[in-house]
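If you want the building blocks of each chain, they are given just below.
Protein chains: 2
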Amino acid sequence: MRDVAVVGAGMIDFGELFEQSVDEMAERAYLNALEDVDRGISPEDIDAAWFGTLDIAENASSGLGLAHATGLFDMPATRVENACATGSTAFRGAVQAVRAGETDVALVLGVEKMRDSAGGLIEGASLEQVWRGRGVTMPAFFGLRATRHMHEFGTTREQIAEVSVKNHENGSKYPHAHYRFTCDVEDVVESPQVTYPLNLYDCCPVTDGAAATIVVDENVVDEYTDDPVWAAGSGLATDSFLRANDESLVGFPATTMAAERAYEQAGITADDIDVAEVHDCFTITELVTYEDLGFCEKGDGGQFAEEGATALDGEKPVNPSGGLLAKGHPIGATGVAQVNEIYEQLRGEAGAVQVENDPEYGLQHNIGIGRNATGSVSCVNILSRDRPSATR
Amino acid sequence: MRDVAVVGAGMIDFGELFEQSVDEMAERAYLNALEDVDRGISPEDIDAAWFGTLDIAENASSGLGLAHATGLFDMPATRVENACATGSTAFRGAVQAVRAGETDVALVLGVEKMRDSAGGLIEGASLEQVWRGRGVTMPAFFGLRATRHMHEFGTTREQIAEVSVKNHENGSKYPHAHYRFTCDVEDVVESPQVTYPLNLYDCCPVTDGAAATIVVDENVVDEYTDDPVWAAGSGLATDSFLRANDESLVGFPATTMAAERAYEQAGITADDIDVAEVHDCFTITELVTYEDLGFCEKGDGGQFAEEGATALDGEKPVNPSGGLLAKGHPIGATGVAQVNEIYEQLRGEAGAVQVENDPEYGLQHNIGIGRNATGSVSCVNILSRDRPSATR
Chain A
0 MRDVAVVGAG MIDFGELFEQ SVDEMAERAY LNALEDVDRG ISPEDIDAAW
50 FGTLDIAENA SSGLGLAHAT GLFDMPATRV ENACATGSTA FRGAVQAVRA
100 GETDVALVLG VEKMRDSAGG LIEGASLEQV WRGRGVTMPA FFGLRATRHM
150 HEFGTTREQI AEVSVKNHEN GSKYPHAHYR FTCDVEDVVE SPQVTYPLNL
200 YDCCPVTDGA AATIVVDENV VDEYTDDPVW AAGSGLATDS FLRANDESLV
250 GFPATTMAAE RAYEQAGITA DDIDVAEVHD CFTITELVTY EDLGFCEKGD
300 GGQFAEEGAT ALDGEKPVNP SGGLLAKGHP IGATGVAQVN EIYEQLRGEA
350 GAVQVENDPE YGLQHNIGIG RNATGSVSCV NILSRDRPSA TR
Chain B
0 MRDVAVVGAG MIDFGELFEQ SVDEMAERAY LNALEDVDRG ISPEDIDAAW
50 FGTLDIAENA SSGLGLAHAT GLFDMPATRV ENACATGSTA FRGAVQAVRA
100 GETDVALVLG VEKMRDSAGG LIEGASLEQV WRGRGVTMPA FFGLRATRHM
150 HEFGTTREQI AEVSVKNHEN GSKYPHAHYR FTCDVEDVVE SPQVTYPLNL
200 YDCCPVTDGA AATIVVDENV VDEYTDDPVW AAGSGLATDS FLRANDESLV
250 GFPATTMAAE RAYEQAGITA DDIDVAEVHD CFTITELVTY EDLGFCEKGD
300 GGQFAEEGAT ALDGEKPVNP SGGLLAKGHP IGATGVAQVN EIYEQLRGEA
350 GAVQVENDPE YGLQHNIGIG RNATGSVSCV NILSRDRPSA TR
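For the protein sequence lines, the chains are A and B, in the order given.
So that you can map any letter, position 80 of the first sequence is 79 in numbering that gives the first Met the number 0, and since no number is skipped, the others follow by simple counting.
So that you can map any letter, position 175 of the second sequence is 174 in numbering that gives the first Met the number 0, and since no number is skipped, the others follow by simple counting.
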């Protein structure tokens, strides 16, 4: 199997970007990724592109959206969409294309303009056919998972709030984050209720953003850097909420399946992960993801959060960038930005949010709920400092 | 590079399928593909899936749409969208995933429910930002390319109509076609005008449909058949209509680029293609595609059609299935159904529309115009009887 390396990462400051078009956002992230390559890169070097967007702005369907934004016509551009796992699935696709031997240098570009149509999204993203008529909006769906976790495992409201406190602490130091404020547990539990037990500070904001990553084949990596980060493993999976045989209502089987596949491909276990960017669309999502990824035992997520294990200086730092809760969640860009953060963490270039454990392996995770669907989709990508073939 | 084989192909009868949901259409195509595998296949064998749909019915976004329709949860499912090249891009993605060594057996599923919302589609598919306000609907856009072809090369209205006559002749014999009638040149030129010079019989219908294909790794192909068809080459490209340096207004550079890449990967030239399924959304599209694919010289498309070169018994049979004009164009399914037809032609199992030249190489082609875009996206896949690595 060919090795694939990440050699460049760029993004724009996430936030309310009413003044920028989708194309402008995408172009700036792309140019930032080009500039990030140690030894430079020419647009002519790029021979394939993967474009991740839900196209909420209804501006940029198909691979042509990427071509327009970047000027990279005359090349294979594939648009992928996988609910909130869109960005990570785009990265996975680019890695596969390089690994298949069809591409030497691939661009991954994720973008989403959310603010212009956020009301429509939030309404549309609820589970229309089955539950929406019963009031199960997206926050309510995750709220139900939170109450079940509290019921089954004695998880406290305050433990759930710890996720928000940590991520806002990290986000306050992260230059591209939408929200740069800090808060304490009291702030979270006293912020306006959205859906019990989740309050405003338990919910990620509606954010515009774009991010881009450049991945290359092992044969050309030396042209771009002598400090690459490698794609070590990837997993993608779907599950169904309606399965009568689900063992648990609190976790996402898709995450567990995707993680198992990614660990297997990387030849490691959850214990080997030194830093992670995971999908904290709501505080409870990050908490159950600790468990689904195997960072702690099922049911221990609350305690894991409370004891600071996932803080910047903890044993298993999670969301040093501030996560979706602080950095924001522009859907197509989210997973790409997570990959970028892991890339920078592994290179020791994460600045104020650099983790302190000299990370060798980093993990990126998304979990998405399909519109009109009764299941979830999860994508997990693992990056490594050491070249995978050298450690197999 | 690993070899990848097609071992199963299934579709449903295309047409106005008001009585079927998107999920039912997709499920039936999937089950037909399973049944088509010579030595049988179990759903448990499938370890990845690629889902092609524009989701015009707004029912099935993300890979979860495929999981719902097939019951194939617990697996990696990626939704791709590339305008009218969606189905062929999904096939390309599955082949790449197998070639990358991450998948042994992949399902490709394309589906589109068009009739329920056709008005919206046709309106939405016009080129909104730039030309729609000037009356350039999708038929008008292709009509302008037709008049330019007539102007530059002396192509006649009757030559353009020959494409419709041929494809309806084929479609009348093809069991899954939406339209099963025949027509002559007079019928075409006297059918109601849509946009000069294109009349009703120059335009593909609005059609519901689904199609599925099963592709496998070289290491497991013997478990499924001893008569595989191989993925020999693939190309994907975008272009821009606005480039001041375009040499010609009548062709699609994206098609030429995609074809060049596919021929190169397959190690063949256009002369080696024995049968093709190409994108005839309008008659003129097929005519210029002859030229873009290198089947004839630029400007000779009209004569090529008129002399019967692309008829079932011609030197270069094109669209034996009746093409989009007769079979129909359910967008996400179109490219997948084309792949399936080439698979059956190469195996000599195409029944009443079997070409007579004992085909060794077959080509499948889509060209798409992005919504709001000023460019086109094209995907070309080449299948072969002989295993690619044996001929390299």
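Hints listed in this document are in silico derivations from the structure and should not be mistaken for laboratory results.
Take these hints with a grain of salt, some might be off.
[Unchecked claim] Quick list of simulated restraints, FRET-style, between CB atoms:
#, chain 1, residue 1, chain 2, residue 2, range
1, B, 348, A, 39, 48 to 58 Å
2, A, 15, B, 116, 27 to 37 Å
3, B, 100, A, 30, 28 to 38 Å
4, B, 100, A, 271, 48 to 58 Å
5, B, 0, A, 155, 53 to 63 Å
6, B, 0, A, 37, 52 to 62 Å
Even glycine gets a Cβ: it sits at the ideal position worked out from N, Cα and C.
Hints, one by one, checked against the model:
Here the CB-CB span from residue 348 (chain B) to residue 39 (chain A) is close to 53 Å, well matched to the stated 48 to 58 Å. At about 32 Å, the beta-carbon gap between residue 15 (chain A) and residue 116 (chain B) stays in the expected band of 27 to 37 Å. Distance hint for residue 100 (chain B) and residue 30 (chain A): a CB-CB separation of about 33 Å, consistent with the stated range 28 to 38 Å. For residue 100 (chain B) paired with residue 271 (chain A), a C-beta distance near 22 Å fails the hint of 48 to 58 Å.
In this structure, residue 0 (chain B) and residue 155 (chain A) meet the distance hint of 53 to 63 Å, their C-beta atoms being roughly 55 Å apart. About 29 Å separates the C-beta atoms of residue 0 (chain B) and residue 37 (chain A), a value inconsistent with the hinted range of 52 to 62 Å.
Of the numbered hints listed earlier, those contradicted by the structure are 4 and 6.
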